[in-house]
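Colleague: Each chain, written out:
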Amino acid sequence: MMEARKYVWEGAIPLQIHLHESEVTTLPPPLPALILAPRIGYLPLLVPHIKPHFSSTLPPGIDTVWFDYKGLPLKWYIPTGILFDLLCAEPERPWNLTVHFRGYPGNILIPCEGEDSVKWSFINSLKEAAYIINGNCKSVMNMSQPDQVELWRSVINAGNLEAYIRVSSKLKLGTVGDEYAADLYSSSLNSRQSIGDTDSTGQVKTGKCFTLLDAVKSLLPEYFPYKSLNNEESSREEDKDEEKVPSENLSEHVESCYSSDDAEVKLVRIQGIEPKLEIPFSWVVNNLVNPEHFLHLCVCLKLPQVKIPSDT
Amino acid sequence: MSAFPPWSWVPCPKQPWGASASHDVEGYLSLENIILSCYAQEEHDEISCPQKEETSCSEKEELIDIATLVQSNCSKVPYYDLHIIYSASYRVPVLFFRAYYSDGEPLGFNAIEKDLPAHSAKALLDSKWTFITQEEHPYLNRPWFKLHPCGTSEWMKLLFHVDVSVAKNGVTIELYLLSWLSVVGQVVGLRIPLEMLNQP
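Read top to bottom, the protein sequences are chains A and B.
Each residue of the first sequence is one higher than the one before, starting from 1 at the first, in our numbering.
Each residue of the second sequence is one higher than the one before, starting from 1001 at the first, in our numbering.
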């Protein structure tokens, strides 16, 4: 189980960063910067590596760094891997982004003052996750200063999963069992009425368990209008224990037209992977969750063709 | 006498392309184009100035114009939009707000702090109960100011603890919101007319 998690933790996106043409003051214009961005990291954290590449050509002034993809200003508090999964339905390698050092669009993006802003946002998300799971943020707020520093360092130096697990396990955010019951501590798996036994890798030995498909159906019921009888039981359970594991359903990426009457889910991408929907949801959570303890599901929809009325 | 028009509910459909109606109706309570500062508190009338463009998800009820007062320095009066949005994660209401001058120019945090009543500025600085940050509005996708009432559910319980009938029968959403607003509103200088609190 550690292997899968480590593999995901070390995932990265190759980026090709172009300086916005309005900020190029020298000829010839600088070449784009090539950088490998950790999936679990954030774009502003890359700035110290990018800036040297362009600093000699920038116009005078104070830096207010922001990125755009094909003109869309990028939300800096969303992990890089998720931005990529959401915005590139067909993965672009390298991913071409534009960096700006001036003219921050303050009416569109919330302000970012470098690493501190990103860290604050990260801790805030972690608090939110703790609140959803435990009903309070105490474990996060009571983190010692050295623990906080080590936790944050383990995230920004994306290779250090061991350090992260060492600190985050103190937060008592638990791992998820298949029954999705209120108590998430793995030690009490045996005492619960189980509908399926699992071994450490999350493989189901007997019985039915809560799958990724079940989770997606409960989050986006409007795209699954016909519930089969088989799924009724697990869906009902989900309704009762909703939000026990925080999962964030981000704005769905909209695909081009499709001639059917209803919108439907075309694919679900998590950490760049399109897992088989029959996989136990507990495995997905325990292995694909982000460091702030949210599971990000990028959903691609197929939309029905729009019929335009011929007269008013 | 009510100083402000009533709050209106702005529903926000989950998906703009109209997926089959989900039974969950999301949205927020909105109170827009109001003046919170000393200008309003002296006169008890709403000062009307040219409306700025709105970006609501759907139609809103019209604000009631109570009276018109001509201000010599109209452009320097800050207007506020207040939205109350339910946080599913924290299961409490949260106040989002923004401020702008009549020409549409937005106010930054420092300017807002200067504009708020003196006692609420102090409440901000104490930041024991409240904390203002700039975050993305969950529906409008733009930066707004958000008031984080820390421990909302704790002090809401305290508020209702006193009333025995509430303990027995629970509390209506309206009463909850009024009580919540009576505390949160103080930070932004929003006064709740006493008549509202006397309703059964």
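Treat each hint with caution, since some may be false.
Ranges between beta-carbon positions, derived for each pair [stated by the list, open to error]:
hint	chain 1	residue 1	chain 2	residue 2	range
1	B	1087	A	163	47 to 57 Å
2	A	93	B	1106	23 to 33 Å
3	A	172	B	1009	30 to 40 Å
4	B	1142	A	16	45 to 55 Å
5	A	149	B	1104	36 to 46 Å
6	B	1087	A	72	21 to 31 Å
7	A	27	B	1087	34 to 44 Å
These are computed hints drawn from the structure, not numbers from a lab.
The C-beta atom is built at its ideal place from N, Cα and C for all residues, glycine as well.
Colleague: Now, for every hint given, state plainly whether the structure supports it.
Modeller: So, going through the hints one by one against the coordinates:
| no. | hint | result |
| --- | --- | --- |
| 1 | B:1087 - A:163: 47 to 57 Å | violated, 31 Å |
| 2 | A:93 - B:1106: 23 to 33 Å | violated, 39 Å |
| 3 | A:172 - B:1009: 30 to 40 Å | holds, 38 Å |
| 4 | B:1142 - A:16: 45 to 55 Å | violated, 29 Å |
| 5 | A:149 - B:1104: 36 to 46 Å | holds, 43 Å |
| 6 | B:1087 - A:72: 21 to 31 Å | holds, 26 Å |
| 7 | A:27 - B:1087: 34 to 44 Å | violated, 51 Å |
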